[in-house]
Amino acid sequence: MIPTQFDYIAPATLDEAIQLLADNAYDAKLLAGGHSLIPAMKLRLAQPAMLIDIGRIKDLAYIREEGGQILIGAMTTHYQLESSERLKEICPLLPETAGHIGDAQVRNKGTIGGSLAHSDPAADWPATVIALNGEIVATGKNGERTIKADDFFVDMLTTALEPVEILREIRVPLVQGRAGQAYTKVPHPASGFAVVGVAVNLSLGADDVCQSASVGITGAAVKAYRARGVENALNGNRIDEALAQTASAHAADGVDLNGDLYASADYRRHLVEVYTRRAILKAFAQAK
Amino acid sequence: MSRKPKQKAHIEFTLNGETAEVAFAPHKTLLEVLREDLNLTGTKHGCELGECGTCTVLVDRKPILSCLMLGLDVEGREVTTVEGMNEGAQLHPLQETFADTGAAQCGYCTPGFLLVAKELLTKNPNPTREEIKEALSGNLCRCTGYIKIYEAVELAAAKMRGESVELPKESVYGYE
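Chains A and B supply the protein sequences, listed in that same order. Every position in the first sequence, counted from 1, becomes a number in our numbering once 4 is added. Every position in the second sequence, counted from 1, becomes a number in our numbering once 2 is added.
Isolated chain A (complex conformation):
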C-alpha cells in the first residue's frame, strides 16, 4: 500500500505552519501522529498534494494547569496522557480514556489533537472531551478562536475547523468538589475502535444528589454526541442503581444509530444503554 506522491514540509514554528496552511489550504493536510492520516493515504482515501508535519514544532505537546483549566497541547500523545500521574489525580477520565486507545505502539505515536481533528466516529477522545465540557482552540491566518466540544464535531470525519485552521490546544475545566468520572467501551475485536464508548462526568452534592452530569457517547452514530436525555434524568436526583437504569434508557434518544457487519443499529442501541448505565455507576463509585 503506497500513498500518492506529496510534498513534505516540516515547519519549525506554529507561525510558519499557519502561513503554509493559509497558502495551501485546499491541497495540504496537517500531519500530527499520522495514525489516522497515513492509513487513509495508503488506502488513497486521502490524497493530499502536501503534508505539513507539525511534529517538529516545539512546545505543542504539554499538559498544564492554568486559570482553572487543564491545557493540553495538540501534539500530546495518548501515552503522555495515559501516563500522567497528575492527570490521574485531577482528571482521571483523560488517562482512563487514553488507555483504551489502540495498543501501546499506537498510543506512543498517535496524538489527541490529531484524533480530534480527524473525528473518526469510533474514536475514543470525542466522547471524553464532550463529557468534560472541553473546548478546542483553533488557530489560523484569521487569528485564534475556541470552539466548544459540543459544536466541534459536525458530521462523520467532519469538524468545525476551517481549512486554514490548526487545532492547537484542548482545554478542559478543572473539576471542583466531589466528582466521579468513568469511560466504558466495547472495543471492536479487530481494530480496537469503539463499537460503543461512553464517557460520564458527574458532580455530586450531599446525599449523592447529582448536581451536574455530563455524558458523551462515541462509536454509536456518525459523530460523537452529548446524551442530553441521560443528563436531564440524572441532574437533581440521588444516584443509585435504579436511577442509572432509567437514565441510561435515554442514551440514544433522537440519535440515528450506525449499523454495520459487527453490530446492527438495534444491537448498538442495547450496548449504548448498557454501557451508559455501567459508566454512570462506575463514575458514581469513583466519587465515593
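If you are wondering where the hints come from, they were derived from the structure by calculation, not from laboratory data. Note that the structure is predicted; figures quoted are calculated from it, not measured. Keep in mind that the hints are not guaranteed to be accurate.
Computed cross-link-like contacts, BS3-like style, restricted to lysine-lysine with a CA-CA straight-line distance of at most 30 angstroms [stated by the list, open to error]:
1) A:K46 <-> A:K62
2) B:K10 <-> A:K33
3) A:K92 <-> B:K64
4) A:K286 <-> B:K135
5) B:K125 <-> A:K62
6) B:K125 <-> B:K150
7) A:K62 <-> B:K10
8) B:K64 <-> A:K46
9) B:K171 <-> B:K135
10) B:K64 <-> A:K62
11) B:K135 <-> A:K92
Following the hints, put chain B in place on chain A, whose structure we already have.
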C-alpha cells in the same frame, strides 16, 4: 528546519547505535526505508495499517509502528530494529528464550514481539503475566497461541534479573 524535497529526501539518524544516512522518495514509510534503502529486512510488512504490530521498531526507545511513520519523521531520532538487539555475538536474552521455548514458530511476528518485550523489560524488570499481555497486546501472532511468547518473556526477565530458571516441564514436553 524547513525543507521541501523535490525528488529524494536525505536524512541522518541513529540506527542501532550507528549514524545512518539515507536518501529515499519522501512518501516512503520508515518500514520501507529500513527494508528497501537500508537492507534491514528483519522488520516485517504486515497489515500496513497499524493493526498487527509486526512492523514495530523502537524510536527514541519507544515501540512504534514503522508502517505508519514516514521515513522523514526519524530525522535526528534514534531507531532500534531487531538487527540491533544482540550484543556482538551474544543474542539478547529474549532472543534466546524465544528460540528455547518455541515462542517463534514461523517467525514472522517475532521481531515485533522481541522489540516490544525488550522495552517492557527495560521499564519493568519483573512484569506479571497480565502486564506482559497488556504490553504485547498490539502484536498479533497466528502460530503460537501466545502462551509460549509470554513464557519466553517471563524466562528472559528472570535471566536478566540474574535468577536461575528452568523451563516448566509442560512447556518443553506439553501436557500429558
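Give me the numbers of the hints this structure contradicts, sorted from smallest to largest.
none
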